[in-house]
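Undergrad: These are the residues of each chain, in order.
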Amino acid sequence: MADTLLEIKNLKIGATAYPPGEPPQEITIVDGVSLTLEKGKVLGLIGESGAGKSTIGLSAMNYGRGGVRLTGGEVLLNGRDIRPLRGGKMRAIRGAEVTYVAQSAAAAFNPAKKLMEQITEAALAHGRCSKREAEERAVTLFHKLGLPEPETFGNRYPHQVSGGQLQRAMTALALCPEPDLVIFDEPTTALDVTTQIDVLAAIKDAIRDTGVAALYITHDLAVVAQVSDEIMVLRGGKTVEYGTCDQIINNPQEEYTQALVSVRSIEHEEKQPTPEPVLRVEGVTARYSGTRFDVLETINVDLHPGQTLAVVGESGSGKSTLARVITGLLPPREGSIIFAGRTLSPDMPSRSREDLRELQMIYQMADVAMNPRQTVGTIIGRPLEFYFGLKGKAKRQRIIELLDEIELGEGFIDRYPAELSGGQKQRVCIARALAADPKLIICDEVTSALDPLVADGILKLLLSLQKREDVAYLFITHDLATVRAIADSIAVMYKGRVVRYGTKSEVLSPPFDDYTDLLLSSVPEMKLGWLEEVIEHRRMESAGH
Amino acid sequence: MRVPFAAAVGLFFTALYFLAAIFAPLIAPYGMAEVVGGVWEPASAEHWLGTDNIGRDLLSRMIYGGRTTIFIAAAATVLSFTTGAVLGLLAAVLGGWADQALSRFVDLIMSIPTLIFALVVLSVMPVTLPVLVLVMGLLDSTRVYRLARAVAVDINVMDFVEAARLRGEGRGWIIFREILPNALSPLVAEMGLRFIFMVLFVSTLSFLGLGIQPPAADWGGIVKENKDGIIYGIPAALVPAIAIATLAISVNLVADWVLNRTTSLKGGRGG
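Chains as they are written, first to last, in the numbering used here: chain L, 1 to 545; chain B, 1001 to 1271.
Hints listed in this document are in silico derivations from the structure and should not be mistaken for laboratory results.
In this text, a Cβ means the ideal position worked out from N, Cα and C, and glycines have one as well.
Where hints are given, some of them may not hold.
To be verified - For the chain B half of the interface with chain L, some residues (derived, Cβ under 7 Å), not all of them:
#1 Asp1159
#2 Ala1163
#3 Ala1241
To be verified - Restraint ranges, calculated between C-beta atoms of paired labels, are given here:
#4 B:Leu1115 to L:His159: 56 to 62 Å
#5 L:Glu26 to B:Ala1098: 49 to 55 Å
#6 L:Thr189 to B:Thr1246: 34 to 40 Å
#7 L:Glu276 to B:Gly1095: 34 to 40 Å
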């Protein structure tokens, strides 16, 4: 085939692992993966963390991160095997024929240099064009990527542009040397959902206009469905399924792919508000000490017993601050928190033990929410001992019951957090919260650090626990798919205010306010052509106004 | 469990010195201050390391001297660690003005060179064992305080500490159960180092005549007593010097090993 750009045959990638207290071991990260990419096409690599998708992506430029070695197979770029290349020959390919877009643009740009200098650097270093040509090319790319003031955009420093703009600037950086292949490594994962859609559209247009081929790495199938021609599903370093975008999304063959496609299709019956809310936030205004503006402005929300209130918004909207006010870590300037019929003291240290017990919290990062020096038994047992004075056998019995409830079982009681997977860690945190027998649990982005299938499991567990224990959740998230799955009522936050609040069906049905509309329409859907639909819809709307 | 070679060497010498210190009266062939021969006799079957500047058996003096040196250094280390670590962790957990007051006070003490400070204090106070230990321990606790506070401030902002706080735990639990176990690795490594500084410190003080008073022996004092011999080519002063050096190296080897082991423990914080 004349127009085959990249062909990877039976690729094997290994590394040396250093398990504590044991001799080093050779491990296989990628095992016999083969793929073909034609010129101008986009291949999506998808899988959960540890699937080897980034490792495969980087192998296309013969690069192994931190001790990772390409141990076998062939990587054919433009017909020649680049795997044996070293030194200068390797350098001639990287940054010229193949370029790379990293996940965190903020960490990838040098903060001390202007954007233009960094964007044209690779093209100039490879002598692909003169400085003037490179700058012209960059400006053209700024136009294409929809960056503001394209003529002067390059004169800014990285900190002078927003996160979404920086990610687009990095795409310009990758496209400037006119490469044959660009590797996109989770380019929109760190962005807010409303920003993600713009970046996604910009990347897609740029790929189409420049005719470059791309490897698009992500864990979000709905995102990859929008930009790729073909999709490869990976798990544990092996190919699960490899096919056209249409086939993978609409007709997945493998069980694992089917699970990925149908993720977050949890059925949840919306409950009606009760007369007496368990939590009432009344006119809360709050600011951090030493600052001069309110992070929260007159927030009013109710949460009913045994129900879930989802607090949605992008980063910086004040969601987590609301949790801090409710838990008493940040006393509000005005307003009050009424919990189970009594007004809570505004600051945490002066609350009664009973108040503390009935209001528990689960964190986003389960890793740091558990003391790494305590066993699972100690972590779950402490609230039992602290609030209920349980000791010895009775305590152990209750710990085992709780471990059963979170579907882990007795075998986990003596394990340390480092010996648990991400999902198991979050389950232990849930058990710790449940151990206090609370009326309300605040869940702060509890699924956003987890892989989609694992997150699904956690959500299902939370729902079944809610049914059994009749506990209410204040569920903070930026992910509307999660909200649809579990909420009974929703509060949409934007810049420290609640812009929309009501039962789930009310909030999610039109007419929408501008922000909610933007937020709702920005959530990627698992269907082909969704991105075009949304962009077209927005264009029509802005023309209509 | 395999002990690496370096750690085994360290363990051997550390154990040797500590055992000799503990069982000094049983091991030493002669009394500590007993004059048993001529001045600076060379090594012989009766006197393995020879005799010192007034004819005392050098090996016996080394054993008794090691006892004093190691005991004072150990006592001062324990004192500096308990004071420094407790205050450091407390400052990190309390924050605010308590932290400010403690930290600025420590800065003040640290701004005066330790040796000068110790010399001044010891020249006005009677030089007894408790005073020596107290002065050395408290001066050194400022360093431990700095380290403990720095480590604890990092741990204090982690979610599991916040979770404990939201549970309503008291300060004692937060300091000793949540923070201390996670701060232990750097503190243990520092402990080895500080112990060695104490050995050097007490030796320096004795050498300058402000530490252990004769006829009691300690390694720094023995160097001082025999230093004039070097002019005549007599190596007696080198014996305690070598002892100080080997003890310093071995304790550090052991501390390194302990640090490596604790960080790779199950659930260790790594790094």
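Undergrad: With reference to the structure, classify each hint as holding or not holding.
TA: Outcome of the hint check:
no.	hint	in the structure
1	Asp1159	holds (4 Å)
2	Ala1163	holds (6 Å)
3	Ala1241	violated (39 Å)
4	B:Leu1115 to L:His159: 56 to 62 Å	violated (47 Å)
5	L:Glu26 to B:Ala1098: 49 to 55 Å	holds (52 Å)
6	L:Thr189 to B:Thr1246: 34 to 40 Å	violated (55 Å)
7	L:Glu276 to B:Gly1095: 34 to 40 Å	holds (39 Å)
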